[in-house]
Amino acid sequence: MKAKYVSDYLPNQNVDDVFLVVRKEIRPKKQGGDFIFTVLADRTGTITAFLWDNVDVFRAKFDVDQFVHVIGMTKEFNNATQITIHKIRRVEPDQVELDDFIRKSHRDTDQSYAALLDGIDREVADPFLRRLLLDIFGEPELQARFKQCPAAKALHHAYIGGLLDHTLSVMQLCVRICQHYPFLNKSMLLAGAALHDIGKLDELVWGKSIDYTDEGRLVGHITMEAILLDRRISAIPDFPADLRMELLHLVISHHRELEFGSPKRPKTLEALALSYLDDLDAKLGTFLEAIQQAGESDHWTPYNTNLQRFIYRRSVAEDKPAEGVGADE
1 MKAKYVSDYL PNQNVDDVFL VVRKEIRPKK QGGDFIFTVL ADRTGTITAF LWDNVDVFRA
61 KFDVDQFVHV IGMTKEFNNA TQITIHKIRR VEPDQVELDD FIRKSHRDTD QSYAALLDGI
121 DREVADPFLR RLLLDIFGEP ELQARFKQCP AAKALHHAYI GGLLDHTLSV MQLCVRICQH
181 YPFLNKSMLL AGAALHDIGK LDELVWGKSI DYTDEGRLVG HITMEAILLD RRISAIPDFP
241 ADLRMELLHL VISHHRELEF GSPKRPKTLE ALALSYLDDL DAKLGTFLEA IQQAGESDHW
301 TPYNTNLQRF IYRRSVAEDK PAEGVGADE
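The sequence shown finishes on residue 329 if you use my numbering, and the numbering steps up by one all the way, no holes.
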């Protein structure tokens with residue numbers, strides 16, 4: 001078991017612990033010679049680390065996606081804690097507790113997936129969309145992978161089960177916004193919410209760490225989703241052409257802007273709503289994770305380079321088990 005997690009380290013503390021290497025680079029020193037820059041991780045987050053001396057001794061001792069035992073000292077730089085490495089050696093996987101390094105959803109994934117299926121069954125009134133969703137999400141192999149898949153490599157919901165947490169949350173938001181804006185097509189909006197990130201199943205690979213597949217880097221989850229949906233819709237007799245077109249539009253426009261990866265900007269009410277609800281859940285998830293990783297006595301989080309800001313930390317209400325989609329109606 002680890003002696004201390006990444007989120008617990010403060011400046012000027014001794015380090016004598018095991019980490020997972022998620023990044024390693026050999027960089028030149030200004031005065032000549034090399035140093036090793038690395039990013040170390042456990043289930044609570046990541047921390048940058050530097051090895052300045054004896055680089056030739058240690059450069060071949062470890063690599064990315066390996067466990068390492070590090071001896072060193074923490075320091076503060078640019079409002080963030082980092083490690084100066086004195087010694088480092090590789091550790092075999094059978095010598096570590098994998099649960100210390102793999103971040104997982106704290107929710108019961110079986111319960112969450114049952115809530116997703118129940119929401120589709122009860123809230124999606126359109127018979128074609130309902131059949132499409134139940135056909136896709138009813139497949140046992142897809143269910144098993146969807147319960148495990150992260151929602152991202154980094155940033156929001158980047159942990160085992162993160163895709164399910166994020167998808168269910170966006171679906172719940174969709175039901176609530178339809179109560180406020182009854183002119184929205186709830187069946188279409190919920191279908192888009194359920195499917196908007198399903199391409200992550202093939203875009204990402206996960207285990208000790210999360211990374212992109214070759215197809216994920218070359219094609220991307222939005223394009224993969226469009227291909228998947230076109231194929232699955234074609235298998236349903238008499239699926240209306242306009243329904244197919246609108247659903248595909250929701251999926252390919254959910255990143256909202258061209259520079260964010262969407263080939264089309266939202267051009268329907270439901271597409272616009274989905275893009276903002278997806279972004280809202282992602283942003284709040286990122287904020288919440290940063291707050292939870294801050295020290296209990298800290299009023300502010302460390303500077304978050306991804307968000308480019310400090311975040312004011314206050315007490316966060318304990319997260320509840322997954323509710324059904326529309327469960328409070």
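Please note: incorrect hints may appear among the correct ones.
Claimed, not checked - Lysine to aspartate or glutamate pairs mimicking EDC-like chemistry, simulated, CA-CA at most 20 Å apart:
hint, residue 1, residue 2
1, K24, D211
2, K186, E92
3, K61, D34
4, K208, D242
5, K87, D126
6, K153, D211
7, K2, D108
8, K147, D34
9, K87, D53
10, K186, D65
11, K87, D63
Unchecked claim - Label pairs and their in silico Cβ distance ranges:
hint, residue 1, residue 2, range
12, R232, D53, 50 to 58 Å
13, K61, M245, 24 to 32 Å
14, A125, R232, 13 to 21 Å
15, D238, Q66, 52 to 60 Å
16, Q308, E76, 29 to 37 Å
17, N79, L280, 37 to 45 Å
Just so you know, these hints were derived from the structure itself, not from any lab.
What you are looking at is a predicted structure, and each value in this text was computed from that prediction instead of being measured.
For every residue, glycine included, the Cβ atom is placed at its ideal position computed from N, Cα and C.
Hints, verified against the model:
| no. | hint | in the structure |
| --- | --- | --- |
| 1 | K24 with D211 | holds, 15 Å |
| 2 | K186 with E92 | violated, 51 Å |
| 3 | K61 with D34 | holds, 15 Å |
| 4 | K208 with D242 | violated, 43 Å |
| 5 | K87 with D126 | violated, 62 Å |
| 6 | K153 with D211 | holds, 6 Å |
| 7 | K2 with D108 | violated, 25 Å |
| 8 | K147 with D34 | violated, 43 Å |
| 9 | K87 with D53 | holds, 9 Å |
| 10 | K186 with D65 | violated, 43 Å |
| 11 | K87 with D63 | holds, 14 Å |
| 12 | R232 with D53: 50 to 58 Å | holds, 57 Å |
| 13 | K61 with M245: 24 to 32 Å | violated, 56 Å |
| 14 | A125 with R232: 13 to 21 Å | holds, 20 Å |
| 15 | D238 with Q66: 52 to 60 Å | holds, 54 Å |
| 16 | Q308 with E76: 29 to 37 Å | violated, 19 Å |
| 17 | N79 with L280: 37 to 45 Å | violated, 27 Å |
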